[in-house]
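Asks: Sequences and hints are given; from them, build the entire structure.
Read off the chains here:
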Amino acid sequence: MAAGGAQPMIFKTLGWLTDPGHWRSTPFDTGILGQLGAHVGFSVIALVIALVIALPAGLAIGHTGRATWVVSVANAVRALPTIGALVLLVVIISPHFYGRTNAGFLIPTEIVLVVLAIPPILSNTYAGVQNVSPAVRDAAFGMGMTDRQVLGRVELPNALPLIFSGFRSAMLQVIATATIASYVTLGGLGRFIYDGLAQKDYPQMIGGGVLVAALALVADLLVAVVQRYVVSRGVSGRFHRNTSVDSRVAALVEENV
Amino acid sequence: MIRFDGATKRYPDGTVAVDELSLEAPSGQITVLVGPSGCGKTTSLRMINRMIEPTSGTIWLDDTDTASLPAHELRRQIGYVIQNAGLFPHRTIVDNVATVPLLLGEDKTKARARAMELIERVGLDPAFAKRYPAQLSGGQQQRVGVARALAADPPVMLMDEPFSAVDPVVREQLQEEFLRLQNDLGKTIVFVTHDIDEAIKLGDQVAVLRVGGKLAQLAAPADLLARPVDAFVAGFVGRDRGYRALGFTGAGTIDTHQEPSVAVGAAYPGHGAGIDGWILAVDADGKPQGWLPTGEEQRGDVVTDAMLYRGGTLAAQGGSLRAVLDACLSSPSGRGVVVDDSGRLVGSVTAREVLDLIEKRG
Ligand SMILES: Nc1ncnc2c1ncn2[C@@H]1O[C@H](COP(=O)(O)OP(=O)(O)O)[C@@H](O)[C@H]1O
Ligand SMILES: [Mg+2]
Chain R
1 MAAGGAQPMI FKTLGWLTDP GHWRSTPFDT GILGQLGAHV GFSVIALVIA LVIALPAGLA
61 IGHTGRATWV VSVANAVRAL PTIGALVLLV VIISPHFYGR TNAGFLIPTE IVLVVLAIPP
121 ILSNTYAGVQ NVSPAVRDAA FGMGMTDRQV LGRVELPNAL PLIFSGFRSA MLQVIATATI
181 ASYVTLGGLG RFIYDGLAQK DYPQMIGGGV LVAALALVAD LLVAVVQRYV VSRGVSGRFH
241 RNTSVDSRVA ALVEENV
Chain V
1001 MIRFDGATKR YPDGTVAVDE LSLEAPSGQI TVLVGPSGCG KTTSLRMINR MIEPTSGTIW
1061 LDDTDTASLP AHELRRQIGY VIQNAGLFPH RTIVDNVATV PLLLGEDKTK ARARAMELIE
1121 RVGLDPAFAK RYPAQLSGGQ QQRVGVARAL AADPPVMLMD EPFSAVDPVV REQLQEEFLR
1181 LQNDLGKTIV FVTHDIDEAI KLGDQVAVLR VGGKLAQLAA PADLLARPVD AFVAGFVGRD
1241 RGYRALGFTG AGTIDTHQEP SVAVGAAYPG HGAGIDGWIL AVDADGKPQG WLPTGEEQRG
1301 DVVTDAMLYR GGTLAAQGGS LRAVLDACLS SPSGRGVVVD DSGRLVGSVT AREVLDLIEK
1361 RG
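Line by line, the protein sequences give chains R and V.
The first sequence: position 86 = 86 (this note's numbering), numbered continuously.
Take any residue in the second sequence, count from 1 to its spot, add 1000: that is its number in this note's numbering.
Hint data in this document are derived by calculation from the structure and do not stem from the laboratory.
Quick caveat, the model's predicted, so the values are computed rather than measured.
Yeah, the Cβ is synthetic: ideal placement off N, Cα and C, and Gly gets one too.
Some hints here could point you the wrong way.
[Unchecked claim] Every beta carbon over 10 Å from chain V, so not counted as near; a handful from chain R, in silico:
hint : residue
1    : Leu33
2    : Val48
3    : Ala216
[Stated by the list, open to error] If you only want the chain V side, here are some residues facing chain R, beta carbon under 7 Å, derived:
hint : residue
4    : His1072
5    : Arg1075
6    : Arg1076
7    : Ile1082
8    : Asn1084
9    : Gly1086
10   : Phe1088
11   : Pro1089
12   : His1090
13   : Thr1099
14   : Leu1103
15   : Tyr1132
16   : Gln1135
Replies: If you want it as structure tokens, here you go:
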């Protein structure tokens, strides 16, 4: 199992991944593409729900400075044992669906994923709003912005870098954890990991892991691109090099003349 | 006109920051609130735009009780400038300046055009318009802060230590430009500072507050220097107030002596040229550059910049007695140089003559 076996395993895994037969679905088996779709589906649902809950909550808590205990509680939940929680929820929820649909498994899975995704988004949104300089907030109110305008036009845009980083870490965690859907009979890329493990088909198991990692990387890259366009350059600090040199020179000239 | 009528602010912890303040800031003038740290200047200022709600008392904006309209509507009529500018990091300079007009529902193109005008008006290169606050120096940011406060052309401006966070050279520039701007605009301004020199320089009237938020004295700067009402004000105004008061006394028609001069680049003057071993060096336009010693041995064939003593300040003709006296005291020759509006040499006076003039007037 030591050094001698490792190299062939890489080739076997590559072999499994590059076999076109594994990518297509058959009447009996869902292929890589199908499971990838299911995995993305679970993840997107969880992230959208988490965003809808955590973003407004984080903005409101950050803006008002009230109910900050919610953020602490959410962070404590990060220590949740996912498989245990999932099994418990399946036991509680699935009997209500009499096995006619897979909702009895889907709902517990999504609950676990949402619970995992909320803390990073919530605490980063809260921190992002809190971090807006008091002088900036003061100026915003002083110019006659309403609470809503201060939040939407000043605090949110300045909190975006932190919000994005919270969302990205939530997304990585959700994509990695969505493999547990397969633990309760649902699809997703976890299917290859659990099946591979059960059948001692290690190339399949490792291949599944590689696919999860690749999906996470690609998704992160996509969000990074969106972030680049959504976050103001004034906040992210990406200025054109020449203009910033210009202004430094201009500043020196102004301050010294 | 802004009028405090028995305005008091007691914070929840019991601190009385402002105590029964009654005071009027006349229209079109600069009223400076000055006093030691913690005396309630910021609290007083922020009660005007209700960033802080008074515990009791009323603050009037012309004939309107400021408590009678929604705070955000009140604030949109009042320009507000704070110490660190508080520019919005995510917006370009032009969009920062256009903030209030846009809040008031003005059309975007028009708001931007007006913003561009103001950017130039406060002495910034229009090329800055597309930059972000982080790309500007502190002094430049502060100018943008002033432009932003002026954008909706509010009749009233509140300024809380706007020039305190920049270095002294830039501060002086900003103060000069601020006075020039106010000369054109004639806003009703309440200006907070802890710096008595700044208060005296900028204020049409100065309100000195003592800790506990009580008004100690309200007076024109010259009166404040000449007649402090009590030991606290006298101490706060400072020891050299007699000298500084000269800053408010015009030198009027002070007789100057003709001062011999030599141009930079001309042949080095002979031994003993000038008066008492000093001759004034001027440039091609006749603007004084510095003093050249002629009592010692000749240092070269021609007069160069490097040979000059530049310690002396220049007094503008028609300026203050303080400036003239300072020119005398700082000059290595003991003769204060007086220049005209374009900076050309008019003549010189001695400290003795200035002191005689002060005694005659006093
Ligand atoms: N939010 C607050 N709560 C309690 N005390 C305050 C608060 N803000 C200011 N103070 C106190 O009120 C007094 C006046 O403060 P301030 O108006 O900021 O003074 P200044 O601007 O003259 O330095 C100080 O003693 C300060 O500690
Ligand atoms: Mg203050």
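Asks: Compare the structure with each hint and give your call.
Replies: We went through each hint and held it up to the structure:
Annotated as non-interface, R/Leu33 keeps its C-beta farther than 10 Å from every C-beta of chain V; the closest such distance is 41 Å. Residue-level check passed: R/Val48 sits 25 Å from the nearest beta carbon of chain V, beyond 10 Å. Remark: the non-interface label on R/Ala216 is consistent with the geometry, its nearest Cβ contact in chain V lying 29 Å away (cut-off 10 Å). Below 7 Å, beta-carbon pairs count as interface contacts, and V/His1072 has one with chain R at about 5 Å; its hint therefore holds.
Because the closest C-beta pair between V/Arg1075 and chain R is about 4 Å apart, less than 7 Å, the hint holds. With 7 Å as the threshold, the beta carbon of V/Arg1076 comes within range of chain R, its nearest partner Cβ sitting at about 4 Å, so the hint holds. Annotation: interface hint on V/Ile1082 holds; nearest CB of chain R at approximately 6 Å, less than 7 Å. For V/Asn1084, the interface hint holds, since its Cβ comes within 7 Å of a Cβ in chain R; the closest pair sits about 5 Å apart.
Interface restraint check for V/Gly1086: the shortest CB-CB distance to chain R comes to about 3 Å, inside 7 Å, so the restraint holds. With a least beta-carbon distance of about 6 Å to chain R, the hint placing V/Phe1088 at the interface is held under the 7 Å criterion. This hint holds: V/Pro1089 has a C-beta 5 Å from the nearest C-beta of chain R, less than the 7 Å allowed. Hint status for V/His1090: holds, given a least beta-carbon distance of 4 Å to chain R, under 7 Å.
Given the 7 Å rule on beta carbons, the hint for V/Thr1099 holds: about 6 Å separates it from the nearest Cβ of chain R. Here the hint on V/Leu1103 is kept, as its CB sits about 6 Å from the closest CB of chain R, short of 7 Å. For V/Tyr1132, the interface hint holds, since its Cβ comes within 7 Å of a Cβ in chain R; the closest pair sits about 3 Å apart. Using the Cβ-Cβ criterion of 7 Å, the hint placing V/Gln1135 at the interface with chain R is satisfied: the shortest such distance is roughly 4 Å.
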